[in-house]
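Protein sequence lines correspond, in order, to chains A and B. The first sequence: position 83 = 83 (my numbering), numbered continuously. To convert, count from 1 in the second sequence and add 1000; that's my numbering.
If you are wondering where the hints come from, they were derived from the structure by calculation, not from laboratory data. For clarity, every value in this text was computed on a predicted model and none was experimentally measured. Cβ coordinates follow ideal geometry from the N, Cα and C atoms, glycine included. Be aware that a few hints might be false.
What the hints assert, rightly or not - A few chain B residues that don't get close to chain A, going by computed Cβ distances all over 12 Å: (1) Ser1115; (2) Thr1173; (3) Ser1461.
What the hints assert, rightly or not - These stretches of chain A come out as covered by chain B in the derived footprint (C-beta under 8 Å, 3 or more residues): (4) 11 to 18; (5) 36 to 45; (6) 75 to 84; (7) 87 to 93.
Unchecked claim - Some chain B residues judged to face chain A by a derived CB distance under 10 Å, without partners named: (8) Ala1054; (9) Asp1145; (10) Val1415; (11) Val1417.
One-letter residues, chain by chain:
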Amino acid sequence: MPIDRAEVERIAELARLEIPPEAIERTAAQLSEVLDFVASLSRLELDRLGPTQFAPVEAPLREDELDSRRLAPETALAAAPEAEGGFFLVPPIVENVSP
Amino acid sequence: MAYEAVIGLECHIQLGTRSKMFCGCPAEFGAEPNSNVCPVCLGLPGALPRANRAAIDAAIRLGLALGSEIRGESVFARKNYFYPDMPKNYQITQYERPLCEGGALPVTVDGEERSFALVRVHAEEDTGKSFHPERHGDRRVSRVDFNRAGVPLLELVTRPVFRAPVECGAFLTALRRLVRWLGISGGDMEKGQLRCDANVSLRPAGSEPLGTKTEIKNLNSIGGVMKGLAAEIERQRRVLEQGGAIEQATLLYDADREVLAVMRSKESAHDYRYFPEPDLPVLVVDEAWLAEARRRLPELPWTRAARFASEYGLPPYDAGVLTEQRDLADYYEACAREVDEKLASNWLMTEVLRVLKDRGWTLAEWSERVPPGRLVELLKKVAAKELPGPLAKQVFGWMVEEPGGTGELLDRHGVRVQATPEELRPLVRAVLAENPGPVRQYLGGKSATLGFLVGQVMKKSGGQAAPQVVQELLREELEGARRGC
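Only chain A is shown next, with the shape it has when bound in the complex (with noise of 0.2 Å):
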């Protein structure tokens, strides 16, 4: 599956990755390459297969109650790069622009 300029730019952008332009034309062959290799999935006959879930079909649902499986702020914040006062630091995000 061909991979243009445009292409690679887009997620790029996306991904918020800096590509340098002179390695743009290298990444579009390269992740043609991989789409292609992926792409040889589609050679298996699915049709009659449902979506993967790794959920325990039994019991789906949970009622509205609370466990005991929180974490206290500090191990919660243990494994963060950067944290400060209880919060996680991250770089500066626009605010409630969020999905």
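Model the placement of chain B on the given structure of chain A, informed by the hints.
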């Protein structure tokens, strides 16, 4: 050229469940940052979500109230996006097969009954909360709190059915009333329990094809929605009138400064790459659940308003006000079953609602002090004209502050209603002697003059005479005078 605006709304309703959408963390507001988080809502590897039955049930009830079709099998989906307010880098929502489809919300706009069609209502999870970027050493950072991440939300999408901001305002007011009525959400926009994004485009009036639309986010009050939309409609109109073209964009509304800011394209660039959520099974809602949810559905506000109009003969305005809140409607009915329906409506709409507003009380707080029975006792005396109006209002005022029935309150405050002919007759005679003109008019057939004379006697009694007795005595004396003529 005249243009016509076409507006569609996307509303988010935060549900008032105890726990989050997919885990057992508290869904409460105002906890210490990052204290209501667990491996599931933090998106830690290996953690599996499980949907909250109460949240699904709330979605079903809202869907039923709106006349939507409820899918027996609906599917959760991953909405992928690059935003640090969701630790998983995706939001679990519904996409291709949402829980509720279609339906409409009945809304009164400027006294007219309208109905606004919906595309869908589905269940999803809220995102975390990020705070204004701030300086941190030599760079800027945002703080993120994930307590809200995973709190149950319903997303409701309308068709592009609105033509004016005022319709959107009325729609949101009606939606807020409905979610509170059903008890599924606080519905407070200032608290983010109800949020709204709007899509708006302009087209030449009367033409069919839609123009290029823009999306306004950050609309966090009903007034803000109307002002933000009015500003954007005006902006688009100016661009089009100058021969320009509208560019598709996402705008943020700044309610404090009342201005719209265009988001840089990079910030609004998205491609959500939805796919079915592999960690959750198909959501099955069987007939038994539906039937049971339908049984639990209360009489809906618009049905109740119509019934108030037909059963109690209330004007549509009264019926609308009294059905703004379910507990107010309940309180009203408890009164209207015992005493004149319009009198009860008048007292609730003016006196009771004024006290609520002045004191910032909820109806429950009011009802605790003045249960319907207590108000009914007072209103019965007003209806029977045993109490003069101003005195009744005074008793009402005491009622708010003190315990006791109407008679008890009058005694405690040393007020005695003059209700015997013996004590009132001298006042009546004095008034007749002092007002020969009106008396002549009455005897000449102008019976409306009686009201004036009643008022004079009331004044003379210091507002403490029972109007009904005064009226009877006046009639008696005047008829006596007529015969004596």
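Numbers of the earlier hints that this structure fails to satisfy, in rising order: 5, 10 and 11
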